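Based on these hints, arrange chain P on the given structure of chain F.
Read top to bottom, the protein sequences are chains F and P. One point on numbering: in this note's numbering, the residue at position 159 of the first sequence is 159, and numbering is uninterrupted. One point on numbering: in this note's numbering, the residue at position 264 of the second sequence is 264, and numbering is uninterrupted.
It is worth saying that the hints were derived from the structure and are not from the lab. Please read these numbers as outputs of a predicted model, since none were measured by experiment. Incorrect hints may have been included.
No farther apart than 20 Å at their CA atoms in a straight line, the calculated lysine to aspartate or glutamate pairs in the EDC-like style are these [to be verified]:
1. F:K497 to F:D484
2. P:K90 to F:D100
3. F:K585 to F:D567
4. P:K359 to F:D484
5. F:K59 to P:D62
6. P:K439 to F:D549
7. F:K146 to F:D202
Read off the chains here:
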Amino acid sequence: MKNKFFLMIFLLLVSVASFAQVDRSKKPEPGPAPEIKLGEYESITLKNGLKVFVVSNNKLPVVAFNLVIDRDPILEGNNAGYVDAAGQLLRTGTKTRSKDKLDEEIDFIGATLSTSSTNVYASSLKKHVNKLLDLMSDVVLNPNFKQEELDKIKKQTLSGLAAAKDDPTAISNRVASAVFYGKDHPYGEVETEATVNSITLDLCNQYYKTYFHPNAAYLAIVGDITKAEAQKLAEKYFGKWKPQDIPKGEFATPKAPLVNKVGLVDRANSVQSVLNLGYPVDLKKGSEDAIPASMVNTILGGSFTSRINKNLRETHGFTYGAGTSLRSDKLVGQFSASTTVRNSATDSAITEILNEMKKIRNEKVPDSELQLTKNYLTGNFARSLERPQTIANFAIDIERYNLPKDYYKNYLKNLNAASSDDLLAAAKKYIKPNNMYLVVVGNAEEIAKNLTRFSITGKIDYYDIYGDKYDPNVKKIPEGVTVDKVLEKYVDVIGGKENVEKVKDRTMKLKGSAQGMDVVVEISQKYPNKIYQTVDVGGGVFKMNTVFDGAKGKMIQMGQSQDITGDALEDLKGNAMDGMLDYSKYGYKTELAAVENVNGQDAYKVVLTSSSGRKSTQYYSVETGFMIRTINQISTPQGEATQTTDMDDYREVEGMKYPFKITQSFGPQSIELNVNSIEINKNLPDAMFEIK
Amino acid sequence: MKSKIILLLFLFSAAFIYAQTKKIDFVQYKLDNGMNVILHQDDSTPIVAITLLYHVGSKNEDPQRTGFAHFFEHLMFEGSKNIPRGEFDKISQGAGGTNNANTSQDRTFYYQVFPSNQLELGLWMESDRLMSLKIDSVGVETQRKVVKEERKQRLDNQPYGTIFEETFKRAYKVHPYKWLPIGSAQYIDKASLQEFVDFHSTYYVPQNVTLSIAGDINIAKTKELVKKYFGDIPKGTKEIKRPNVVEPPLGGEVRDTVYDNIQLPLVLHAYRVPAQGTPDAYALEMLTNILAAGQSSRLYKEVVDKQQKAVAAGSFPYFLEDPGLFVVYGIANMGISANDLEKSIQSEIDKVKKDLISKKEFEKMRNQKETEFVSSNSTDLGVAENLANYFVYYGDANLINTELGRYMKVTREDLKRVANKYLNADNRVVLYYLPKSMKKN
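Looking at chain F on its own, in the form it has when it is part of the complex (with noise of 0.2 Å):
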């Protein structure tokens, strides 16, 4: 009992004790600052001019080999993709070694090997490190390229295009590179199934022998192994190959765009639109620039608590992250704003991030922003030296980028020096809100009415996920749809081939209005081809007649008659009443030329081609079979003009279907004609289209 009672006291005693301790509404201040040491690392050349980076490092007993080619991008064209074949190539085999082999000596000492097209890297435990250089050497100097190998890979990469087009980040991502770039540029061009199909075996071959020199290339090796063990294994390993010189890539540097350009990938089924908002930048690492613009893009996006992450995360809800990066390069770098948020925020995201943009580009940052943001970058810095592999970075970099050799040692200095007028000044340079590709992947039906106030136009240019424009109202046609197929259904659903033949005349009477005036039309055809025409437009102030035989025509215009000729008589002679049941027998060729939208359905659309070459268009519906538009060229006085002829509204009549509302439209004036009768096989004479 009295025991308990003590150390209840005691407990208490403790308690209060400590809690007059802490005084928690104070942020406590931090100790004295730790020394940030950057590691020291040793540089060797070999004779073939291989650059070896050694940084020992005895936390683990593990070794890491880096082997890095130092070359300008290449324009791939037509092939775009065995750069990268070529890279996965070298993991494949090698004269004395099939993949089969490789991957089992490789996994049998618990090592990491892996290849691409600008680096080899190799890791294991010490202990395996003479056997994991075999390998790498093996893998680098005296690869083995198979043509099976290289189908095996050119099949996967298909594969991986055909799983990235229902990936939105991944269409977002080649899109803008597309667009910023061009596809043109080495950094712009585009892999399609195309491209991959056409990768030979003697490109990779090539790049291989063009680039894989020591003289192009750095090792960075990382571990438990000291200078004197790093340099007697390269020079083992790596000493007998060849240096060669390797060429020189020269590439246009493409430019921020003049104005805000705004460019969509419509993906109906998204539920969110995937933003990339950017342009290429001119900004070289190591340059005066370089320190300043960066820190404008930290505060910008580029932490969790940058302005754009702040405001549209924590502020907005509209997303579940935000960002921007800015990054340097030796041919040209980029700006890009990324993010994704729901369909319902795409635009209104977008004018968040163009504000911040200006606002940073206008406004000085306050000193508590600035300083924070140094310690923050300080902080980073602190934290990339518990890798060694950040030490072997710096040295390639330095070496890379021709840096000053103390450039990174000197780093947390220049990072300190820079005021907010070099901020400023750097975010003027670099922050461009009125000179952007705004890429959008998302749901067009619901975003794309928002984004045209983004366009200066008022345009949006539509990519498809290779990154080619086009027109949205253009669709490709699926795969085993012909011309002949479209046609037959289309006879199908009017009523069948039977029934077409069976009508021998015909006679259809149209009402409508134009211009304030009744509008009465009326129309017989007898077979193949006769036509009688009548129209009357406002109760006789105007009216017209046509009349045509099948071989001549004449066109009464109030009580003026005149041959038909030329063109004209052409088209007239090609409208016969079972045309569409054979083409070629009036002369026309046929053709299925693209899936339009027309009037909210997709619709094929057939170009006819009289055997003078006359040609007309018809459109289709995929979804009803029916026709609904024809486009005819029609001269006149005044010369050629466009005539566009809606049809809707199909009926029935004695087992054959036809539209009962008829509309054309002749440059901006439009006839909306509804049909009152349809009579057919009613004998009419033939008299009755004699010219006379």
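Then chain P, alone, in the frame of chain F:
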């Protein structure tokens, strides 16, 4: 970005200390209020990782409030008594730090990594949100929107994004593993402010958290600071609910098809397997090495490389605190049907059931495991997290030094035995993910 959900909770990486590897020394103790503390000193870089493992995840949720634990994780960044809303991350970054958190079925894990002179700041921040989190409607409403976008981004707008949700809801009928940490948006909308307050006072209490710190620290000084900031936080008084549900056997194969916005079919087999840390779990994890580690592994070599039926094929254990899943999957190459792919995958499973693996393959697998262990624990954050995991799940933080021994106990016969015991049709869910265009109306 902040607040990741761990979808694939691979058995946390641990370090086996082989002869030439340094042992990871640590100090472990308990505060009077029940809070567990683990400290590890490593001066090689002047930084410190501060981690807090709260032993609460989606399995502690009410079925009518799925997604609650993860949602709550978001609220933990919304401010506390002495840290106003919107300041938490600013303070952290302003001190050169980085931070994040994630929620799994079993735990919610928070971390910050600072330059080592900011240790006290980190402890102040973490103790403040443990002791006196502020929960208000502004924060809740904002995070409701954010979490809905998170769900869309990860699951709904992502090819195959719903795969684990679809798998778990078929693999479990009664256990709360039947839903994922991301949960359902609709339930989060229903939750009231009071529910969030109750959740905090139930699960965010000293006896339910393990504070694990690794880096450039002085152990004695750190102990003092931990006591200063955490010592006077009162012990929680509410009952901590831990589900005590035993999921009955699956009782026959569950086979289903999901139509998604994808191009390439995906086949997934998910077998029900015992909890992490059990002897059979170690054997099963070794088995995934045989099937899927490296380009000489069986699934890769046969299905991807030789037969070219898949762009990717593999296997991984989805081990959890309670019995979990063993997943085998393949994504078909173009022109290959799901059925065809499944046959090839099945044939590899049949082989490990029928034949003992060769001694050479066994040795390869052990070598791979050794490298995996030795290579982990390369960062302070990784060490802190692993120490906490080992302690919370297995009650022994020292497994960070000794766990490889458990793997090395596994024999070739064990591999064949567990394959036959668990990798059976009546113990699995089979899912096909097919393009929507293949759906018959």
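Check: Looking at the structure, which of the earlier hints fail to hold?
Finding: Violated hints: 2, 4, 5 and 6; rest satisfied.
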